[in-house]
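Enquirer: Top line first, the protein sequences correspond to chains G and W.
First residue of the first sequence? That's 1 in this note's numbering, and the numbers climb one at a time after it.
First residue of the second sequence? That's 1 in this note's numbering, and the numbers climb one at a time after it.
Hints were generated in silico from the structure; no laboratory data involved.
As the structure is a computational prediction, the values presented were derived from the model and not from experiment.
For each residue, glycine too, the CB sits at the ideal point set by N, CA and C.
Only pairs whose alpha carbons sit at most 27 Å apart, straight line, appear in this in silico BS3-like list of lysine-lysine:
hint	chain 1	residue 1	chain 2	residue 2
1	G	Lys-382	G	Lys-371
2	G	Lys-356	G	Lys-28
3	G	Lys-292	W	Lys-105
4	G	Lys-28	G	Lys-244
5	W	Lys-343	W	Lys-419
6	G	Lys-231	G	Lys-158
7	G	Lys-226	G	Lys-356
8	G	Lys-382	G	Lys-231
9	G	Lys-292	W	Lys-419
10	G	Lys-292	W	Lys-86
11	G	Lys-231	G	Lys-11
12	W	Lys-333	G	Lys-180
Some chain G residues flagged as far from chain W (calculated, every beta-carbon gap over 10 Å):
hint	residue
13	Gly-27
14	Leu-197
15	Leu-240
16	Glu-372
17	Glu-401
Label pairs and their computed distance ranges (CB to CB):
hint	chain 1	residue 1	chain 2	residue 2	range
18	G	Lys-382	W	Ser-206	56 to 62 Å
19	W	Pro-413	G	Ala-375	55 to 61 Å
20	G	Glu-317	W	Thr-231	49 to 55 Å
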Amino acid sequence: SAALTFELLGKCSTTRARASILTLPHGKVNLPIFMPVATQASLKGLTPEQLEGTGCRLCLNNTYHLGLKPGQEVLDAVGGAHNFQGWNHNLLTDSGGFQMVSLLKLANVTEEGVRFLSPHDGSPMLLTPEHSMSLQNSIGSDIMMQLDDVLVTTHPDKARMREAMERSVRWLDRCIAAHKYPERQNLFCIIQGGLDLEMRRECCREMVARDTPGIAIGGLSGGEAKDDFCKVVVTCTELLPELKPRYVMGIGYPEDLVVSVALGADMFDCVWPTRTARFGNAITKHGVLNMKREMYAADYGPIEDNCGCPCCRPIEEEGALGITRAFIHHNAAKETVAAHLLTLHNVWYQLNLMGKAKEAIIADRFPAFIKEFFAGLYTDKKDYPSWAVDALRGVGVDLLEASAD
Amino acid sequence: MTVDVDIEEPGSSTAMRFEVLKTALKDAAAAARPGRLSFPTRRPIETPNFMGVTSRGCLPHLTPDNVTKYIQASGAYMSLEDFIEKPQQHSSRVPPIYSTPTSSKHPTPLHSFTGMPSFITTILGARRIPAVPSPMGNTNKSISVFTNTGFQPLTTSDYLSAVNTLKPDITIPLSDLTNSNITPNSKRALRMAERTEDWIVDWFNSSSSSSTATFAPVLPISYPMQWEYLTRLSEDYVDNSQLSGLAIYDPSLLPDLPSPLLSLPRLSLSPPTTPHQILSHISLGIDLFTLPFINTISDAGIALNFTFPAPLPSSPSRLLPLGTDISNPSFSKSVTPLSENCKCYSCTTHSKAYVQHLLAAREMLGWTLLQIHNHHVLSEFFSGVRHLLQNGPDEDFEKARNDFLRAYEPDFPAGHAEKPRARGYQYKSVGGGEPKKNKPAWGKLGPDADGNVEGVETPVVPEGKEVEEKGFAEEVKE
Ligand SMILES: [Zn+2]
Ligand SMILES: [Zn+2]
Numbered sequence: 001s002a003a004l005t006f007e008l009l010g011k012c013s014t015t016r017a018r019a020s021i022l023t024l025p026h027g028k029v030n031l032p033i034f035m036p037v038a039t040q041a042s043l044k045g046l047t048p049e050q051l052e053g054t055g056c057r058l059c060l061n062n063t064y065h066l067g068l069k070p071g072q073e074v075l076d077a078v079g080g081a082h083n084f085q086g087w088n089h090n091l092l093t094d095s096g097g098f099q100m101v102s103l104l105k106l107a108n109v110t111e112e113g114v115r116f117l118s119p120h121d122g123s124p125m126l127l128t129p130e131h132s133m134s135l136q137n138s139i140g141s142d143i144m145m146q147l148d149d150v151l152v153t154t155h156p157d158k159a160r161m162r163e164a165m166e167r168s169v170r171w172l173d174r175c176i177a178a179h180k181y182p183e184r185q186n187l188f189c190i191i192q193g194g195l196d197l198e199m200r201r202e203c204c205r206e207m208v209a210r211d212t213p214g215i216a217i218g219g220l221s222g223g224e225a226k227d228d229f230c231k232v233v234v235t236c237t238e239l240l241p242e243l244k245p246r247y248v249m250g251i252g253y254p255e256d257l258v259v260s261v262a263l264g265a266d267m268f269d270c271v272w273p274t275r276t277a278r279f280g281n282a283i284t285k286h287g288v289l290n291m292k293r294e295m296y297a298a299d300y301g302p303i304e305d306n307c308g309c310p311c312c313r314p315i316e317e318e319g320a321l322g323i324t325r326a327f328i329h330h331n332a333a334k335e336t337v338a339a340h341l342l343t344l345h346n347v348w349y350q351l352n353l354m355g356k357a358k359e360a361i362i363a364d365r366f367p368a369f370i371k372e373f374f375a376g377l378y379t380d381k382k383d384y385p386s387w388a389v390d391a392l393r394g395v396g397v398d399l400l401e402a403s404a405d
Numbered sequence: 001m002t003v004d005v006d007i008e009e010p011g012s013s014t015a016m017r018f019e020v021l022k023t024a025l026k027d028a029a030a031a032a033r034p035g036r037l038s039f040p041t042r043r044p045i046e047t048p049n050f051m052g053v054t055s056r057g058c059l060p061h062l063t064p065d066n067v068t069k070y071i072q073a074s075g076a077y078m079s080l081e082d083f084i085e086k087p088q089q090h091s092s093r094v095p096p097i098y099s100t101p102t103s104s105k106h107p108t109p110l111h112s113f114t115g116m117p118s119f120i121t122t123i124l125g126a127r128r129i130p131a132v133p134s135p136m137g138n139t140n141k142s143i144s145v146f147t148n149t150g151f152q153p154l155t156t157s158d159y160l161s162a163v164n165t166l167k168p169d170i171t172i173p174l175s176d177l178t179n180s181n182i183t184p185n186s187k188r189a190l191r192m193a194e195r196t197e198d199w200i201v202d203w204f205n206s207s208s209s210s211s212t213a214t215f216a217p218v219l220p221i222s223y224p225m226q227w228e229y230l231t232r233l234s235e236d237y238v239d240n241s242q243l244s245g246l247a248i249y250d251p252s253l254l255p256d257l258p259s260p261l262l263s264l265p266r267l268s269l270s271p272p273t274t275p276h277q278i279l280s281h282i283s284l285g286i287d288l289f290t291l292p293f294i295n296t297i298s299d300a301g302i303a304l305n306f307t308f309p310a311p312l313p314s315s316p317s318r319l320l321p322l323g324t325d326i327s328n329p330s331f332s333k334s335v336t337p338l339s340e341n342c343k344c345y346s347c348t349t350h351s352k353a354y355v356q357h358l359l360a361a362r363e364m365l366g367w368t369l370l371q372i373h374n375h376h377v378l379s380e381f382f383s384g385v386r387h388l389l390q391n392g393p394d395e396d397f398e399k400a401r402n403d404f405l406r407a408y409e410p411d412f413p414a415g416h417a418e419k420p421r422a423r424g425y426q427y428k429s430v431g432g433g434e435p436k437k438n439k440p441a442w443g444k445l446g447p448d449a450d451g452n453v454e455g456v457e458t459p460v461v462p463e464g465k466e467v468e469e470k471g472f473a474e475e476v477k478e
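Taking the hints into account, I'd like the entire structure generated from these sequences.
Expert: If you want it as structure tokens, here you go:
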């Protein structure tokens, strides 16, 4: 399409993992990719320069929040969200609908759109696909998401689930019709259908026929079992065209990323890495470490050994900050600076994990990469999560087999 | 004349040097004077100037990379009480800062524990500025300090060994202050002077004192009350270079200083609350300031926008504001910088509309950008002061000071930004019973995976009529 090119660099010969380059209006990004979430046009205390310094070239803004603050009028006046936040790389925005449904528990979905009561005075409000497109056009995001009818995957009513899936397809048509700038903004469709694999397949066929430049798998991360999550991803990726990016929305735990890449997904986003930073948690190859624990009070090592982020890099290196666990411990939940430093580290970790996955895919050693990754997280194979073992076995990787050496 | 202080301790900066750049002023008791304070491995500090005031070792909201890139201030004040708390379950632990290894990039434990760039000159004092008064009071051998886990005594010998370990460039020895706004009665004032003098004698008798430049306190009591103490300072510790500078708690005492003390650099610990006061203290001969108001002004959402010398008044009857409350919703569409013509990172990269948005959304970057800007405004202000002092006749500065007084409003505007999430104990109430600093965060916040419930996240329920007004969705007419 006009606003995006997708170049496949390599495929894993065992799993479904792919490495590719996505060229967007604000530059190239490598896939697979983790996209940090700058909900309100700012990534939790980092300057745009600091975010750029982590290697990030594509991050999220939330349409719902930007629609409220600063609002469409301001976005139009300043020429969009890139200008507004001083970010010259790519932005992806959601439709705003998910936040409506999940944050405002009182939202109601009708064929017109998402209806909800104004939290202010209780008057009825309506968010339509046309509204969502108009706002995302004002934001100017490089990737926009269609408004969809989101249900938690564990919703018990199958008829409602089908209605939501079919409505999401109809809303995609309305979004395509309402999208003002297809030549400079990419609209991605969102596959719905809950945990019903047949319904997901049907949705894939309908959505793919509409030929959007990229495709998202939606509705997950809503509390379903991880096995079910994996089945949905693997079912969808099987039906999706090879030369389009595939985005699994709302996931961010490192295990989820690595397994989803193996299942054929390319793009991910989640607030967890930055949120958990503010609670004093560092993401490392050996798991999540809570820096508030007393054991780190006099630990003068970096947040993570051999991490290449500005906080952890060897102190002799240019730009290295020489941040210790002890200092993070000293200020976690006390000074915002500790949160900023952990945010830098966590974002870097997530981006680096995907960067390393990409290298492994290109070198066709992705199965070994997966094994190293899990071996770093768990000292004992019997602790490996069974959902991951099963899902990876399904794409030809046996995590439990005796290692070659 | 210059004051050279040789410090033999390896690993620390070896010699502090202070020179008054206008020789006629070097021994003037109460006159503005340009100077330069330098330590061999730190960025030289042209004076008059100010030091950043840290909280728990951080310049609030500024990561060390941002300090290096965007902050011109060359010094940082740190308080020992920020580092020596005794957590209940680990009350016997040695404060971790004492064991921090150093490196060439972070040459002292104070630098390495806090990640403060090595060009920053560090000043260590026992208490934060301003200090929370202690209900316990001081004893003959200790003062009461306020840590993250409550009040605890800090003995003179503990302080000495802390300094010996941490190797601050400049140290302010303990003094027997009340930290109260109430002027002590003469009995208390006399005891203050006596204790402080005893402690200074102990201090200089200890070898630890040679590992740092000592700035002796000049107490906030009348000159006659501390006459003996000041005389001892000037007679016993100046010629042998043990005394490197003065820490002034009340600048109005400067005209009374004994003349042997006059050539020493003067650091103000009586934090002025406005630029007018800064100028007045400069007139009295203060060389270096600690300015905690920058941090509180940034937290309140104010962008400073004064310059020195003041611009020519466009209308003589209208006073110029010292700052702008960026949290004001009227800036929500303003694409202009925080302050016209400002060359700081925040102003060259971002707009009022963005910072207003960040403040309204309680996004932490808002305070970061204000800190960068406000530190820059102060740096430029002092640079304007020095320019006049160095290049003009002495009257130029006084004239410009008067013009400044006439041009600007006497106080900062009120800021209405919601403060950052209370950062712990510095917001602890002194008397108790104060209302909460911030109204409760929007909506409900679920505990995160760790069961933490602290930490205010993205607002979940829009406030006011925003939903309608901002056009996020349309109102349904029925
Ligand atoms: Zn790191
Ligand atoms: Zn500025």
